[in-house]
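Residues per chain, in single letters:
Protein chains: 2
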Amino acid sequence: MIIGTFGPEGSYTEKAAKQWNRKGELHYYDDIQDTVEALIHNEVDCSVVPVENSLEGSIPLTLDLLMEHQLKIVGEVIVQINHCLLATGRLSDIKVIMSHPQALSQCRKYIKSHFRNVELRPVLSTSHAAKLASGSGDIAAIASRESAKRYGLKILDENIQDVNENYTRFIVIGNEIPEPTGNDKTSIIIYLQKNRPGALFEILEEFADKNIDLTKIESRPTKKFLGDYLFHIDLKGHIGDRHIKETLEKIKGKVGMLKILGSYPAA
Amino acid sequence: MIIGTFGPEGSYTEKAAKQWNRKGELHYYDDIQDTVEALIHNEVDCSVVPVENSLEGSIPLTLDLLMEHQLKIVGEVIVQINHCLLATGRLSDIKVIMSHPQALSQCRKYIKSHFRNVELRPVLSTSHAAKLASGSGDIAAIASRESAKRYGLKILDENIQDVNENYTRFIVIGNEIPEPTGNDKTSIIIYLQKNRPGALFEILEEFADKNIDLTKIESRPTKKFLGDYLFHIDLKGHIGDRHIKETLEKIKGKVGMLKILGSYPAA
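Residue numbers (this note's numbering), protein chains in the order written: chain Z, 1 to 267; chain A, 1 to 267.
Keep in mind the hints are simulated off the structure, nothing from the lab.
A portion of the hints provided could be inaccurate.
Just so you know, same-sequence chains aren't split out, so a pair can sit in one copy or run between any two.
[What the hints assert, rightly or not] Pairs of lysine-lysine, PhoX-like flavour, derived with a Cα cap of 25 Å:
id, residue 1, residue 2
1, Lys236, Lys250
2, Lys95, Lys259
3, Lys154, Lys236
4, Lys72, Lys252
5, Lys236, Lys259
6, Lys259, Lys216
7, Lys112, Lys216
8, Lys236, Lys254
9, Lys109, Lys254
10, Lys210, Lys254
11, Lys254, Lys224
12, Lys210, Lys259
13, Lys252, Lys216
14, Lys254, Lys23
15, Lys254, Lys216
16, Lys72, Lys216
These figures come from a predicted structure and were not determined experimentally.
Generate coordinates for the entire structure from the input sequences, incorporating the hints supplied.
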């Protein structure tokens, strides 16, 4: 099995991909869009991309790509994030800190208190930052412990994120919805017919009536006009379960659009 | 009146601040956090920061700062965004394109089709990018028409965002909730007591019962653990309106936390 992953070697997505399937052959892509397109163009059997972080929230691009393309979510993986400060030189040599924008945000307080006058340079991924830091003594990267090993960097500090408990949820996108396991999640996107009072409430009522647990509800702009939203909803259960299937059919008649992204074993 | 704005001169936030109050004296800050802290430290009478874009969605940092600090939203401003490609040199000279990460995202398709091999460098703000581009012939900035004038750059292309209709909503944070005007919005944050099925539904039921229109509902992580959320809700009406006040009091008894951010005239 060929698995597409986001970021060069040492990325957290690589870690997620290995957690998902130890025996897969990994292909590395520069950004989330390329990782997703690799699946669409059949270069890989599935792709792993980050979807949500416990400190920073959703990855908007991943949600938007799920809306734009016909993709199936076939799995999810949760990885603990322990950001390290990596460099070839010493702390006092650091002039630039590079990392993925979300990683820079996750270490916002640490950076503000220790490196007030250092230039922050956001790059495509944490492992890309590590790769770049390996080529210059005055550049530090915020990246994983694995990246330090991979690119021969010293770990100057570790666990530097502002909140200790830092987890990222990754989704695996592929071609076939897996069979029910008894502990599954289903992801959907809905667009309400009208933005009138109570429209969202009526949809949530259908789920509440059947005691279906929503693990996540997140709005994203439709990109048509300001204040017009899609809702990304994750719920407990499999599309093959009768009560889920019936509820979604009922909701389909009440909304402007219902897109089922897939059912997959919960992480 | 002294108004804090995000970004050096020429930023979209400066435009929003001028739209809000033509006569205010503007103070410029490097990032959203500093702009907010300027108000907390009484350096300014109010501050203007972006909160939501019609293509990219919410600005997570702004939402998180509203949760972390005791801030009052006293107004909102909507600004149309027309991104231009700015440089001192010619199109063929461009080796690096700089802009705010959201602006780079908003022009994702344009960049991919015209500049596949150009380095993208995210910086703190669009106007900061314009300032940097003015110092080098091979750097282009994605920024406003105003930035071109301000920093002596040529407009190589304009309206380059992927979707023509591109608006950003800014909030004004200040010290006193304005009186009702008859066309107001109220912003709140709630934390549900438990993440059990139907918990959010029960809250929305209260609003639906009183025919209160929710213009926005957005989840943000609590930063405690993955899958634990706060909800940012905007609704039509003023906290001084009886039905709004009573509904919020009722909801207060049902949730873990209710934070009222303010009531202000709708843009």
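Consistency of the hints with the structure:
1. Within a single copy, lysine 236 and lysine 250 get their C-alpha atoms as close as 17 Å, which meets the 25 Å cut-off; across copies the closest is 29 Å, which misses it.
2. In the homo-oligomer, the alpha carbons of lysine 95 and lysine 259 never lie at most 25 Å apart, since the shortest distance is 47 Å inside one protomer and 40 Å across protomers.
3. In this assembly of identical chains, lysine 154 and lysine 236 lie within 25 Å of each other by CA distance neither inside one copy nor across copies; the values are 43 Å within and 54 Å between.
4. Taking CA atoms no more than 25 Å apart as the test, lysine 72 paired with lysine 252 passes inside one copy only; the shortest distance there is 19 Å, against 39 Å between copies.
5. In this homomeric assembly, lysine 236 and lysine 259 come within 25 Å of each other (Cα to Cα) only inside a single copy, at 16 Å, whereas the closest approach across copies is 29 Å.
6. Both within a single protomer and between protomers do lysine 259 and lysine 216 lie at most 25 Å apart by alpha-carbon distance, with minima of 16 Å and 21 Å respectively.
7. For the identical chains of this complex, lysine 112 and lysine 216 are neighbours neither inside a copy (32 Å) nor across copies (32 Å), given an alpha-carbon limit of 25 Å.
8. When the C-alpha separation of lysine 236 and lysine 254 is checked against a cutoff of 25 Å, the pair qualifies both within a copy, at 21 Å, and between copies, at 24 Å.
9. Taking identical chains as interchangeable, the C-alpha atoms of lysine 109 and lysine 254 are never at most 25 Å apart, the minima being 45 Å within one chain and 33 Å between chains.
10. Both within a single protomer and between protomers do lysine 210 and lysine 254 lie at most 25 Å apart by alpha-carbon distance, with minima of 16 Å and 21 Å respectively.
11. Taking identical chains as interchangeable, the C-alpha atoms of lysine 254 and lysine 224 lie at most 25 Å apart only when both belong to the same chain, with a minimum of 21 Å there against 35 Å between chains.
12. With identical chains, the CA atoms of lysine 210 and lysine 259 are at most 25 Å apart within one copy only, with a shortest distance of 20 Å there and 30 Å across copies.
13. Proximity of lysine 252 to lysine 216 under the C-alpha cut-off of 25 Å is found in both arrangements, the shortest distances being 19 Å within a copy and 22 Å between copies.
14. Taking the closest pair of Cα atoms, lysine 254 and lysine 23 never come within 25 Å of each other, the shortest separation being 44 Å inside a single copy and 49 Å across copies.
15. For the identical chains of this complex, lysine 254 and lysine 216 are neighbours both inside a copy (20 Å) and across copies (20 Å), given an alpha-carbon limit of 25 Å.
16. In this assembly of identical chains, lysine 72 and lysine 216 lie within 25 Å of each other by CA distance solely inside one copy; the values are 18 Å within and 28 Å between copies.
Violated hints, in rising order: 2, 3, 7, 9, 14; the structure is consistent with all others.
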